[in-house]
Structures are given as structure tokens and as C-alpha cells.
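*Asks:* Listed below are the residues making up each chain.
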Amino acid sequence: MAERKGIEVSLAIAESASACNVDCIAAYPITPQTHIVEHLSELVADGELDAEFIPVESEHAAMSACCGTAAAGARTFTATSSQGLALMHEILFIAANLRLPIVMTVANRALSAPINIWNDHSDVMTERDVGWLQIFAENGQEAADLVPICHKIAEDKRVLLPIMLNFDGFILSHVVEPIEMLSRDEVANYLPPYEPQQRLDIDHPITMGPVGMPEVYTEAKMAHEHAVRSAYGPICEHLDGFAKMFGRAYHPVESYKAEDAEILFVMMGSASETAMSWVDEVRAAGKKVGIVRFRLWRPLPVADFKKAIAGAKVLGIIDRHFSPGGPGGPVAQEVKYMMYGEKNAPKVVEVVAGLGGRDLDDDAFNNLFDKCSKVLGGGDVPPFELIQVRGGHYGKA
Amino acid sequence: MSRQIPNPRWQDLAIGCATLEPGSSKYQKTGDWRSSRPVWNFTQCIKCGVCTVFCPEGCLHINGEGYPIVDLDYCKGCGICVNECWTGCIALEEEKD
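Chain order of the listed sequences is A and B. With the numbering used here, letter number 368 in the first sequence gets 368, and the count goes up by one each step, no holes. With the numbering used here, letter number 36 in the second sequence gets 36, and the count goes up by one each step, no holes.
Next comes chain A alone, as it looks inside the complex (with noise of 0.2 Å):
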């Protein structure tokens, strides 16, 4: 077994995909990614990783060039945040629907204005449509880990899609912490060479990214949509294969106490394991509360989750994101769509926290519980609240 060493997780982060040996960089550095992209390329300048380093002029250009590179056949690896992911967007599209096996670390961050460096998932959750799996890194040691897995699930010829790997920023970014690195060997063992089903060569030509008529463009999405769902299969398969080789088990849907839980919180990253400690507190003083997390966002782990929540009376869902004017936050209105229409259903509280790098502390966690346990006592469910805001959400104090 490996020997764990204090690394700062954004260099955990870029050493892993060094061991994934990859043969193509193209990213443009942004807080609270920069350590990431900064160390690959010198690990590339040094000659310690064989590839090419393309330093590129903005994010739309970073992804554009993985997009010719994974098109050419290349194993491509990218990060960006916030800002920076918001510029590829219209790119995010063609890496999906052209199915390019490119990894991407993202470092969660809000975004402008006001300016704002800090953690929330406002930037990856503003692109949950354009058709990437993704997944989420609770700690320093998942966020290394999942560097090959994404690889290895991305490069399946079952799969061939683009994934996003999703980390808090600074809160995990920025923070060292003893992690067991994977040797090259080692991951050479579970990732083997990657062997595109197809790809641009000249002797051999074909066209990606032709015109998609009316006649053919459903058609097409249809096919999209049945790469992404059916890519569950191989996720699974591919997080039990690395947890058979190096013994660290990571699924679909995560759940802490949750087996006899009235209350079960529903969130997503780092905050969780705060949120774990809670749970130990309030566990003590002989309240039935437990979390579940979605690991995987995309596609989305209906039936792992339905599973996971089974038996719970209320769900007190925290998101760190939300649709002004809109029907609240995006694990809410996801959760409440897999639970319309279902015989005995729990009740779901939401409320949104945890923006722009405000803490979810115990307080937030405590204000949450509150709510969840009156409609736990028969009192009615309320609607979407932000917390943590001074002058309340709309009088609420």
C-alpha cells in the first residue's frame, strides 16, 4: 500500500493525473484552480511528464484545444473554476455531443458579481445541462482518486463522454492533507493506455461536428442522452474495480447514519464531512439524524438515491446554489422530481447556504435541523429559505 504524505490537494490533484501519464494540457490558470495547471506544467517543463503543455489565451481556447486533442486521439486533462468555467460553456456542448473522453477538475467557486473567489457550486451546478458526467470530491484523497477513475470511466468505448470532477475550492484546494498517492505503476495496473474508438487521422478521414439538419439533430440528442444514462453502468463498475485494486470504496450515492434516520440531510461536497461531525453530536444527544450525498450528479443516481433515503420521514436538503425567482435550489428541485408522485414520500425542507465561501457551520446545520424536526412534529413544510442572511429571507428573522 501506498505511503500517505501531506500534500496540498490541488498538487495531489495535478501528481494524479501526471500518473495517469497524460498526453495532453490545455488550461489557463484561475483561482482557486491555478495549483493545479501550475504544477502539470511544471512537471512537464521538468520532463518528469511526457506531454504537451498548451498554454492557452482564455478558457473558451482551453477547451476548444482539448477538444482537438481528445479528437485526436489524445488522453486530455483540463481545470478550471467559476469564471473560467462559465467562458467554456458553449464549448462543454461540442466536448459532449462530439463524446470526448476529456477530464476536467473543476474548483467549485461562485461567480461575479460581486467578485467573489470562493467556494459555492453556483458555477458547476449552472451546467448541469450540457451534457458532461459528473461527480464530486469530498476530500483531498477522492478528489486524487478520482483523477484515474474519471479517466478510466471517461475512455470506456461504452461510455466516451467528458467528465467533470468536482472539488470545493480553497476548502479543499488550498489545504494539505495526508493522502495515499498512487504510483504511475499503480495506476498504469487499473488505467491501461488509452485506445480511441475514433479518431481525426488523415490517412483514415472522417468528420466530427458535421451539421445536424432538423431531420437528424433529436435524433441525436436522443443518442446523448442515451450515452449519458446508460454510462451508470460503467461508472459503477469502474468505481468497484478501483476499490478492489486499492481497497478505497466510492459510490454512486454516499450515506452516513442514515440506515434508521427520521431527519436525513441531502448535500453535496465538503461541507458533508462538517457535517458528519454534527451528525455525531446530535447522534449523542439521541436524535435520529443521518446524510446522504449525491457523488454522482450526472447522470443522476435515482435509484441509489431512492434506496439511500428509504425509511427517512423528512429531508433537509442544503444547496450552495439557486435560481433567482426560480423554484430554489437545483438538489432540491431534482430530489423533489424523483420524489413526485411516490407512495410515502418524505417531506422536503430546503434551504440554500453556504454562497460565496460563507462556512456551513454547526449554526447552519442547527437552523436546518429546527426546521426539519417541526415538520417532523406534523407542522407544515416551508418554502425555500436562504439562510445565514442578515435582515432574513423575506421577514423571517
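If you are wondering where the hints come from, they were derived from the structure by calculation, not from laboratory data. One should not assume that every hint holds.
Unchecked claim - No farther apart than 20 Å at their CA atoms in a straight line, the calculated lysine to aspartate or glutamate pairs in the EDC-like style are these: (1) A:5 - A:185; (2) A:374 - A:203; (3) B:26 - A:215; (4) A:221 - B:84; (5) A:343 - A:215; (6) A:374 - A:359; (7) A:157 - A:240; (8) A:157 - B:12; (9) A:307 - A:240; (10) B:29 - A:215.
To be verified - Some chain B residues near chain A, calculated using beta-carbon distances under 7 Å: (11) 10; (12) 15; (13) 39.
Unchecked claim - Label-pair ranges, simulated between beta-carbon atoms: (14) A:89 - B:63: 46 to 56 Å; (15) B:9 - A:72: 22 to 32 Å; (16) B:36 - A:218: 21 to 31 Å; (17) B:7 - A:340: 32 to 42 Å; (18) A:345 - B:10: 42 to 52 Å; (19) A:363 - B:9: 53 to 63 Å.
Nothing here was measured: the structure is a model prediction, and the numbers come from that model. Yeah, the Cβ is synthetic: ideal placement off N, Cα and C, and Gly gets one too.
Given chain A, work out where chain B should sit, using these hints.
*Replies:* This is chain B only, laid out in the frame that chain A set:
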């Protein structure tokens, strides 16, 4: 994607809707995008060939008598030939059907 299958089902599409064989424009005709077509008055044509040079689709050719002819399977009616013609012998006529 192979357009040799008319109206393909989604299961018939290549990965990423790619076109897997070269030369697909031979069967993927694009002339039906056109709303008007160029028409020549050969009595004024001096056979200079400038229209064939400027055609962005490369769908103008010279016939055996030296006059330009248009391949309507690909002409999109852009009117560049009309604009470039030295003698003004090409007119753009609206497609009736």
C-alpha cells in the same frame, strides 16, 4: 453518421454524429437551401470565367463551348457570381417552387 440511410434512427448514428467516410458531400446535396438561382445571358457573356473563380462553393464549371454552367445540387444562390461578373450578364432569379 451515414446519410446513405435516409432518416436514420438514433441507434444508427455514429458516435458523436460523426461522418465516418470521406466524400460524403457527393450524396449530401445542399442545393435545396437555395431561394434564388443565377441565370446567364450568354449573348453578353465573354467567357472570361471570373464567376467560376469566385464561386465559394466551387459549383460553377465551364462547358464544352466555354460558357459557365451551374451545378444546382450545390448552388446556394449567394449571388457572388452576379456581383463579380464583368459584363453583368448573370441575373439572380427567385426559385418558384
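*Asks:* Against which earlier hints does the structure fall short, listed by number upward?
*Replies:* 2, 4, 5, 6, 13, 18
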